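Q: Chains as they are written, first to last, in the numbering used here: chain A, 211 to 520; chain B, 95 to 391.
If you're looking for bench data, these hints aren't it; they were derived computationally from the structure.
Remember, it's a predicted structure, so these values are computed and weren't measured experimentally.
No false leads were slipped in.
Keeping only pairs whose Cα atoms sit at most 25 angstroms apart, straight-line, the calculated DSS-like set for lysine-lysine is: (1) K302/A - K456/A; (2) K199/B - K233/A; (3) K378/B - K331/A; (4) K409/A - K378/B; (5) K200/B - K233/A; (6) K378/B - K332/A; (7) K206/B - K233/A; (8) K333/A - K290/B; (9) K435/A - K332/A; (10) K378/B - K333/A.
Label-pair ranges, simulated between beta-carbon atoms: (11) A414/A - A123/B: 31 to 39 angstroms; (12) M371/A - A122/B: 18 to 26 angstroms; (13) P377/A - F149/B: 34 to 42 angstroms.
Chain A is nowhere near these chain B residues, computed Cβ spacing over 12 angstroms in every case: (14) M163; (15) V180; (16) L266; (17) I272; (18) K290.
Here a beta-carbon is modelled for each residue, glycine too, at the ideal position from N, C-alpha and C.
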Amino acid sequence: MAVKRAAKNGRRTVRQQLLYVRKNWQLYLFFLMPALVITIIFKYLPMGGILIAFKDYNVRLGILGSEWVGLTYFERFLSSPDFLSYLMNTLKLSLYGLLWGFPVPVILALLLNQIRRVGVKKKIQLLIYAPNFISVIVLCGMVRMFLSPVGPLNQLLGTDMNWMTMPEAFRTIYIASGIWQTAGWSSIMYTAALSNVSKELEEAATMDGANILQQIWYVQLPAIKNIVVIQFILSAGNIMSIGFEKAYALQTSMNLPSSEIISTYVYKMGLLAGDYGYSTAVGIFNSVINVILLLLVNAIVSKLNEGEGL
Amino acid sequence: MERRKIKLGVLDRSILTAGYVLLGLFVAAVVVPLIYVVVASFMDPNVLNNQGISFRIQDWTLDAYRRVMEDEMIWRGFRNSLFFSVTSTLLSVFITLLAAYPMSKKELVGRKFFNAIFVITMFFGGGLIPTFILMNQLRLVDTVWAVILPGSFHVWNMILARTYYQSISRELWEASQIDGANEIQYFFRILMSLCKPIIAVLALWGFVGMWNSYFDAMIYLNDANLQPLQLVLRSILIQNTPQSGMIADIQSTAEMAKMAELLKYSTIIVSSLPLLIMYPFFQKYFDKGIMVGSVKG
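Could you put the whole structure together from the sequences, leaning on the hints where they help?
A: Now the structure itself:
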């Protein structure tokens with residue numbers, strides 16, 4: 211049975227495999243080796259360091275020599291009054307970001323697709339891609355200046371609101387500036403997919419008297435459906451891994467009630483306060499939720515996609 | 095084209111118009127803030143503070159740019175960022191392209207094993223503190239390598255490159271084998287010459303990503319001489335501490351504050367300009383390079 215299956219898969223004997231490796235040693239030693247070394251040193255070695263989440267880390271004793279403290283740090287985090295707030299801040303920020311931000315690039319691509327003049331389309335694309343090349347720091351700097359009490363938005367409205375200090379404004383600021391920066395660039399994938407829709411199909415639809423909405427619904431949307439689904443799933447699986455850089459750069463001491471997310475908390479507890487073990491435990495908690503979400507999302511996809519996961 | 099125009103009904107035309115208006119609004123929303131920053135950077139600090147931007151040429155001055163250009167920290171940041179971005183792009187594109195080659199071969203012994211090793215790192219990691227401790231133990235903290243090395247291999251980019259290689263006809267490889275070329279020769283002489291779009295896209299992403307990031311530099315580089323531009327910008331834009339050298343000659347505190355605000359705009363322009371000038375040259379590679387990304391590897 212096993213032999214049969216092996217033969218069916220075209221599997222080779224150990225001897226054949228060794229011969230292959232010997233003959234193609236360049237593939238391993240020259241091509242793969244650098245990537246493997248980097249991965250093992252910078253990705254796998256730190257995984258061993260996860261142990262400090264269960265230890266009272268002491269620099270002199272090292273990770274292995276430090277004393278075990280069991281699940282103390284996890285208990286401390288889960289029972290801390292701020293735990294729920296940080297968790298909800300993280301979840302809300304990325305969930306709302308996904309709900310508001312996800313449809314925009316798809317709509318943009320559909321709109322761009324209606325422009326028949328290639329030159330005009332290219333110019334618009336060039337413009338709406340631009341913010342993607344601005345750094346997080348510059349983006350957040352711009353946001354802070356535009357929203358400052360003496361900034362242009364207040365001048366325009368004739369008010370002197372200080373939005374950067376309002377916890378209730380933080381998520382809107384974060385998500386809106388995110389859409390401003392990335393929606394154009396994210397539309398590129400859908401635009402490319404739409405440009406592959408066969409012209410005959412579109413013409414046939416026009417001949418049959420389909421109006422523009424019907425064309426979008428019956429011809430264009432089906433053409434990008436797969437990419438949309440894959441993109442949505444990838445983003446949904448990343449809900450807990452929302453980045454540190456932007457949230458940290460938009461934080462002020464006043465908006466912390468809604469801007470403190472798990473990743474910024476890990477940074478502050480770990481590197482600023484020096485509480486290594488506790489901070490690592492919080493990070494692990496975050497990754498565990500992330501993996502559960504990913505598996506969940508993958509299971510849903512498998513169901514929808516006739517058994518084929520990501 | 096002509097036929098299309100004739101066929102448009104009233105409903106279609108109104109839908110199209112609504113669509114164009116929507117698109118126009120989005121383009122305006124993207125462009126207006128950018129234009130505002132550009133114009134503001136040329137303003138006289140008093141005018142900017144009192145009434146915002148103006149398009150009257152007599153309100154304009156190059157003073158802010160002179161101050162930014164004369165600032166040693168900005169230039170040092172620029173040089174450091176250039177070094178980080180160029181080095182890390184060269185290294186990471188090279189290592190990633192190399193690794194993708196064996197992984198693109200279905201017959202590679204151990205392909206599944208290596209793939210698992212790489213893909214696992216996309217979902218699991220040691221996290222911030224264990225990585226930091228490791229960097230400390232490797233004596234990499236406060237060296238440029240702490241910022242460059244960890245990102246010098248990208249699994250996702252490897253998958254893109256691998257998918258790209260697989261779209262290239264296998265007959266080329268077979269022909270090169272008959273000619274007696276080994277894998278290294280085939281890779282550099284033939285395969286790479288066909289991979290310009292993917293190389294361009296990976297290089298652009300690598301460069302932009304490094305140029306615009308600040309987190310790794312913030313935690314690993316304490317030495318001000320090594321810090322990239324984004325950290326200099328961070329202290330000016332986010333922490334509100336202008337480089338003291340830029341405004342040292344101004345007497346009154348109020349004038350200083352106005353100038354500091356103006357300097358933010360011109361530093362934004364000076365620091366963002368290189369990428370904004372650079373990316374249009376890559377536009378022709380975007381579609382091709384990015385379509386690869388939507389094909390699952």
